[in-house]
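Work out the full structure: start from the sequences and follow the hints.
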Amino acid sequence: MPKTYTRKKIFAFVLIIFMVGIILSIRLGYLMIAQSEYYLEKAEALHDRERSIKAKRGVIYDRNGIELASNKPVCSISVIHSQITDEDQVVKALCNVLELDEETVRKKVQANTIREKIKSNVDKEVADKLRDMKLSGVMIDEDYKRYYPYDSLASKVLGFTGADNQGIVGLEVAYEDVLAGVPGSILTLTNAHGKELENEAESRIEPIAGDNLHVSIDLNMQKYAEQVATKVMKSKQAKRVSVVLMNPQNGEIYAMVNVPEYNLNEPYTLVGVDNIYDNEQDALNYMWRNFCINDTYEPGSTFKLVTATAAIEEKVVNLEDTFSCPGFRIVEDRKIRCHKVGGHGTETFREGFMNSCNPVFMDVGARVGVSNMYKTYEKLGLFEKTGVDLPGEASSIMHKQENVKAVELATMSFGQSFQITPMQLLRAASAAINGGDLVIPHFAMYTTNEEGEKKEEFEYTRKKGVIQKETSDTMKELLEAVVAEGSGSKGQVAGYRIGGKTATSEKLPRGNGKYISSFLGFAPANNPQVIGLIMIDEPVGVYYGGTIAAPVMAELFSNILPYLGIEEEYIETEPGSFEVAE
Amino acid sequence: MAKKKSGGFAQLIGKRIYVGEYFDYPLLFVTLFLVIFGLVMVYSTSSYTAELKTDNAAYYLMRQGAFAVVGIIAMLGVSFYDYRRWKNWSLIMMILVIVLLFLVMLLGTTSHGAVRWLQIGPFQFQPSELAKLVIAVYTAHMSTIKVRQIDDWVELGKIVACPIVASILILDENLSTGLICVAIMAIVVFITSPKIKRFFLIGFGGIAVIAVGFLLGTSYRMERINIWLNPEKYDKGYQTLQSLYAIGSGGVFGKGLGQSIQKLGFIPESHNDYIFAVICEELGLFGAICVIGMFMFLIWRCIVIAYNTRDLFGALVVVGITTHIAAQVLINIAVVTNTIPPTGVPLPFISYGGTALCCLLIEIGIVLAVSRHLHVAKQY
Numbered sequence: 001m002p003k004t005y006t007r008k009k010i011f012a013f014v015l016i017i018f019m020v021g022i023i024l025s026i027r028l029g030y031l032m033i034a035q036s037e038y039y040l041e042k043a044e045a046l047h048d049r050e051r052s053i054k055a056k057r058g059v060i061y062d063r064n065g066i067e068l069a070s071n072k073p074v075c076s077i078s079v080i081h082s083q084i085t086d087e088d089q090v091v092k093a094l095c096n097v098l099e100l101d102e103e104t105v106r107k108k109v110q111a112n113t114i115r116e117k118i119k120s121n122v123d124k125e126v127a128d129k130l131r132d133m134k135l136s137g138v139m140i141d142e143d144y145k146r147y148y149p150y151d152s153l154a155s156k157v158l159g160f161t162g163a164d165n166q167g168i169v170g171l172e173v174a175y176e177d178v179l180a181g182v183p184g185s186i187l188t189l190t191n192a193h194g195k196e197l198e199n200e201a202e203s204r205i206e207p208i209a210g211d212n213l214h215v216s217i218d219l220n221m222q223k224y225a226e227q228v229a230t231k232v233m234k235s236k237q238a239k240r241v242s243v244v245l246m247n248p249q250n251g252e253i254y255a256m257v258n259v260p261e262y263n264l265n266e267p268y269t270l271v272g273v274d275n276i277y278d279n280e281q282d283a284l285n286y287m288w289r290n291f292c293i294n295d296t297y298e299p300g301s302t303f304k305l306v307t308a309t310a311a312i313e314e315k316v317v318n319l320e321d322t323f324s325c326p327g328f329r330i331v332e333d334r335k336i337r338c339h340k341v342g343g344h345g346t347e348t349f350r351e352g353f354m355n356s357c358n359p360v361f362m363d364v365g366a367r368v369g370v371s372n373m374y375k376t377y378e379k380l381g382l383f384e385k386t387g388v389d390l391p392g393e394a395s396s397i398m399h400k401q402e403n404v405k406a407v408e409l410a411t412m413s414f415g416q417s418f419q420i421t422p423m424q425l426l427r428a429a430s431a432a433i434n435g436g437d438l439v440i441p442h443f444a445m446y447t448t449n450e451e452g453e454k455k456e457e458f459e460y461t462r463k464k465g466v467i468q469k470e471t472s473d474t475m476k477e478l479l480e481a482v483v484a485e486g487s488g489s490k491g492q493v494a495g496y497r498i499g500g501k502t503a504t505s506e507k508l509p510r511g512n513g514k515y516i517s518s519f520l521g522f523a524p525a526n527n528p529q530v531i532g533l534i535m536i537d538e539p540v541g542v543y544y545g546g547t548i549a550a551p552v553m554a555e556l557f558s559n560i561l562p563y564l565g566i567e568e569e570y571i572e573t574e575p576g577s578f579e580v581a582e
Numbered sequence: 001m002a003k004k005k006s007g008g009f010a011q012l013i014g015k016r017i018y019v020g021e022y023f024d025y026p027l028l029f030v031t032l033f034l035v036i037f038g039l040v041m042v043y044s045t046s047s048y049t050a051e052l053k054t055d056n057a058a059y060y061l062m063r064q065g066a067f068a069v070v071g072i073i074a075m076l077g078v079s080f081y082d083y084r085r086w087k088n089w090s091l092i093m094m095i096l097v098i099v100l101l102f103l104v105m106l107l108g109t110t111s112h113g114a115v116r117w118l119q120i121g122p123f124q125f126q127p128s129e130l131a132k133l134v135i136a137v138y139t140a141h142m143s144t145i146k147v148r149q150i151d152d153w154v155e156l157g158k159i160v161a162c163p164i165v166a167s168i169l170i171l172d173e174n175l176s177t178g179l180i181c182v183a184i185m186a187i188v189v190f191i192t193s194p195k196i197k198r199f200f201l202i203g204f205g206g207i208a209v210i211a212v213g214f215l216l217g218t219s220y221r222m223e224r225i226n227i228w229l230n231p232e233k234y235d236k237g238y239q240t241l242q243s244l245y246a247i248g249s250g251g252v253f254g255k256g257l258g259q260s261i262q263k264l265g266f267i268p269e270s271h272n273d274y275i276f277a278v279i280c281e282e283l284g285l286f287g288a289i290c291v292i293g294m295f296m297f298l299i300w301r302c303i304v305i306a307y308n309t310r311d312l313f314g315a316l317v318v319v320g321i322t323t324h325i326a327a328q329v330l331i332n333i334a335v336v337t338n339t340i341p342p343t344g345v346p347l348p349f350i351s352y353g354g355t356a357l358c359c360l361l362i363e364i365g366i367v368l369a370v371s372r373h374l375h376v377a378k379q380y
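Going down the list, the sequences are from chains Z and P.
Counting from 1, one number per residue, gives the positions in the first sequence under the numbering used here.
Counting from 1, one number per residue, gives the positions in the second sequence under the numbering used here.
Some clues are possibly wrong.
[What the hints assert, rightly or not] List time: in silico DSSO-like cross-link candidates among lysine-lysine, alpha-carbon distance up to 30 angstroms:
#1 Z/K469 with Z/K315
#2 Z/K3 with P/K146
#3 Z/K42 with P/K53
[Claimed, not checked] One side of the interface only, derived from the structure: several residues of chain P facing chain Z at Cβ under 7 angstroms:
#4 P194
#5 I247
#6 Y307
#7 T337
#8 I340
#9 P341
[Unchecked claim] If you anchor each label on the Cβ, the simulated ranges turn out as follows:
#10 Z/Q110 with P/G205: 41 to 47 angstroms
#11 P/D55 with Z/G29: 39 to 45 angstroms
#12 Z/S82 with P/N88: 54 to 60 angstroms
#13 Z/G29 with P/V40: 21 to 27 angstroms
#14 Z/G29 with P/R84: 54 to 60 angstroms
#15 P/F102 with Z/S82: 38 to 44 angstroms
#16 Z/E456 with P/F253: 41 to 47 angstroms
#17 P/L201 with Z/T104: 57 to 63 angstroms
Simulated from the structure, these hints should not be mistaken for laboratory data.
Just so you know, even glycine gets a beta-carbon here, dropped at the ideal spot from N, CA and C.
As structure tokens, then:
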């Protein structure tokens with residue numbers, strides 16, 4: 001019979017065993033509940049050798065089906081430590097072929113991780129060189145990289161993509177969900193030796209390629225526009241030149257140029273940016289900006305077409321009403337000058353428009369009155385964003401209606417003391433000449449799937465009849481007269497009826513001698529098929545819009561009108577039906 | 001049905017006490033359950049590796065199954081054998097084990113980097129597994145003989161001399177098995193002796209010696225400490241880390257039997273010392289706690305039997321065997337969960353290993369034999 005102390009000791013012994021058992025159970029509970037997520041994640045990262053397969057990004061086509069943004073095959077190189085047999089050879093090969101620093105490569109090769117990425121976006125030819133060496137432990141994966149075949153063409157419209165093929169700016173980001181597609185994944189589980197597990201290999205989810213985007217840009221028109229813009233920028237030593245060409249009937253944008261453009265294949269290389277930015281990112285953001293949409297400016301005289309539209313729509317003026325221009329107008333306590341110092345003398349409204357006479361428009365503006373003026377602005381979409389399908393559209397900067405007094409109204413009548421985007425001006429002008437419909441300027445037309453079948457057509461609302469058709473007809477006639485015989489005469493194109501309006505806006509602050517010379521033109525004047533706006537920012541020397549901007553648009557029109565299939569016709573107006581202005 | 005009641009209580013209510021009619025079925029069933037569960041887990045953990053190596057997914061299962069059948073027959077046979085007769089064999093067995101351990105040192109087969117095996121015909125035999133059983137029986141026998149003189153240092157030395165020689169022979173190759181042998185011997189002697197203080201002194205002394213041994217010892221042992229503290233930083237921490245991944249990814253209810261991914265080559269020899277990690281991964285915390293519960297129940301049954309034996313030898317043998325099982329279970333789980341530095345101890349009944357399984361089943365057979373001689377109360 002065991003003694004009592006023996007039993008006591010046995011009891012103590014089993015107690016200790018149970019206590020240790022409980023401690024271990026608690027430890028298990030901690031590992032399997034509190035730490036579970038951490039270890040599960042690590043285990044999965046270990047098991048899943050390859051995670052995602054990039055989806056092929058959709059191609060951006062111009063209106064004729066020419067690729068503006070496409071994909072080119074590239075490779076990403078990685079190493080698997082456990083499969084490397086000859087470390088030195090691998091390091092040497094990687095350094096030589098990929099031109100990498102030996103120390104960093106060696107560190108990655110020696111890393112005891114499942115897979116270490118050495119370099120991505122390697123050109124296929126370079127990767128093939130590595131492939132031919134047949135190095136064990138070096139993995140080469142095919143991948144796609146965004147590629148822009150025309151480098152800088154429409155750079156500020158198209159935008160570019162980042163390292164993960166995601167859109168960063170421009171159409172690339174605006175239509176990210178169309179273009180991106182759905183990345184797939186290989187859920188390949190591997191064992192510790194890096195061998196794929198047989199039964200698990202099925203779980204491969206194929207990527208879904210992004211849809212192709214067909215935009216209204218016309219490669220040829222864009223090229224023409226870019227050429228003329230670059231030419232005038234150089235000849236006038238301008239800071240930049242922007243050109244927009246649009247179909248005023250439906251808002252399709254044919255071309256949008258902002259020179260200097262940057263190379264979309266190297267979007268981080270600064271081009272044509274003044275050295276005024278402290279940090280590179282600001283400079284890059286400036287370079288990527290689309291001034292036609294992202295920035296506002298004082299439109300100046302081109303805006304007179306809006307004032308005229310308001311006046312005609314409100315029937316406060318007849319074309320033959322006479323005004324007098326002494327070279328200035330006193331509004332309340334201010335003396336506001338006309339651009340012609342000596343004044344235009346007595347002139348009809350039509351002449352005043354052709355002459356771009358400020359006092360005439362101050363008078364007309366006063367006749368329209370603030371509330372009707374603002375009503376017309378609203379109708380022409382000047383208080384809202386145009387809705388163009390590019391990110392970062394700016395809003396107009398307008399006086400509050402109740403703050404508009406005579407002086408403000410006078411200056412607004414000829415396009416000063418407020419700011420709108422060029423796109424807004426173009427949209428308002430389109431409504432004024434297309435019969436009175438407010439359209440939404442846009443690029444995207446429709447999408448197609450990988451096989452090229454049409455998938456989705458984009459629809460854009462249009463506000464019908466925001467102004468009366470008669471008003472629009474009168475505006476076309478007036479604007480045609482500006483080019484035919486008025487201040488926009490340098491915008492004439494032989495054989496075509498061109499309508500247009502020039503502007504020379506002085507940049508703020510006033511008196512710094514910096515101007516934006518612009519010309520807004522459309523053709524054919526009786527049935528507008530294309531409307532264009534050119535803006536030359538800070539030209540050196542002659543800065544009058546009528547002198548430097550109008551001829552550029554004329555040159556552009558002379559190229560694109562035949563291209564658009566618009567036939568030449570000779571204007572049947574008898575000379576003398578318009579009184580020739582000075 | 002036979003029901004066990006405490007003797008005093010049985011007398012109090014006037015029931016007669018019968019001897020030799022009791023048999024501890026709960027212990028038998030929990031043992032059988034653990035063996036069968038072990039076979040399932042061995043198959044689950046080894047089939048992938050087995051197929052790669054031998055084209056037969058059930059290779060390890062069949063080998064382990066054969067040992068289990070032999071072991072269970074041996075266990076039942078031993079349970080009918082009067083345990084007191086083991087006393088007559090204990091010295092011979094002790095000498096045999098020491099000889100075998102010497103033989104292993106001289107001509108053992110290298111496996112897993114350490115020499116532990118003895119090739120006998122087609123079988124590999126691991127004398128250190130047998131040593132644990134023999135040390136339990138031998139120490140119990142010696143302690144029973146010298147129970148009155150055990151307080152004497154010299155007599156105590158005589159009791160432990162042979163087991164210590166055997167332990168040192170094992171210690172040389174396998175630290176943890178050697179320490180388990182020492183623990184079996186120490187617990188048996190501790191329970192026999194009325195003294196407490198001296199054992200604590202010896203215990204602390206032993207721990208101090210081990211600690212110093214570690215500090216001054218081979219870099220191989222220091223490295224283990226470092227791996228234990230920072231398994232992610234060392235190449236050799238791979239096994240520990242993989243084990244933690246397996247345990248952690250199990251969650252509360254596990255991935256389901258057979259669904260472990262870690263066993264697919266991530267945990268080397270997952271059917272062996274790290275089988276518990278796979279149990280955690282497949283059956284979750286719930287399953288793992290159930291397994292621990294099973295072992296605790298088994299230990300509890302053994303202790304109940306030891307508590308109620310009529311003679312000291314029976315109690316000491318059972319305590320020695322219990323020490324063996326408990327130490328292995330606790331150390332194994334502690335290693336797998338990275339609670340202590342890594343050391344190779346298999347999980348009793350479940351880990352793959354023929355000699356170990358047979359010896360353990362024979363040990364349970366001895367405990368069952370002891371249970372036949374308990375004080376039992378039988379109600380009519």
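Hints versus structure:
1. Z/K469 with Z/K315: Given pair Z/K469, Z/K315 holds - Cα atoms ~13 angstroms apart, limit 30 angstroms.
2. Z/K3 with P/K146: 14 angstroms, holds
3. Z/K42 with P/K53: 28 angstroms, holds
4. P194: 5 angstroms, holds
5. I247: OK, holds: P/I247 within 7 angstroms of chain Z, min 5 angstroms.
6. Y307: 6 angstroms, holds
7. T337: It holds, given that the least Cβ distance between P/T337 and chain Z is near 5 angstroms, below 7 angstroms.
8. I340: Not OK, violated: P/I340 not within 7 angstroms of chain Z, min 10 angstroms.
9. P341: Nearest chain Z Cβ about 15 angstroms off; hint violated.
10. Z/Q110 with P/G205: 41 to 47 angstroms: 45 angstroms, holds
11. P/D55 with Z/G29: 39 to 45 angstroms: With Cβ atoms ~40 angstroms apart, the hint holds.
12. Z/S82 with P/N88: 54 to 60 angstroms: 57 angstroms, holds
13. Z/G29 with P/V40: 21 to 27 angstroms: About 24 angstroms separates the Cβ atoms of Z/G29 and P/V40, which means 21 to 27 angstroms holds.
14. Z/G29 with P/R84: 54 to 60 angstroms: Violated: the Cβ-Cβ distance is about 44 angstroms, outside 54 to 60 angstroms.
15. P/F102 with Z/S82: 38 to 44 angstroms: Hint holds: Cβ distance 41 angstroms, inside 38 to 44 angstroms.
16. Z/E456 with P/F253: 41 to 47 angstroms: Hint holds: Cβ distance 45 angstroms, inside 41 to 47 angstroms.
17. P/L201 with Z/T104: 57 to 63 angstroms: 58 angstroms, holds
The structure fails hints 8, 9, 14 (numbered hints given earlier, in ascending order).
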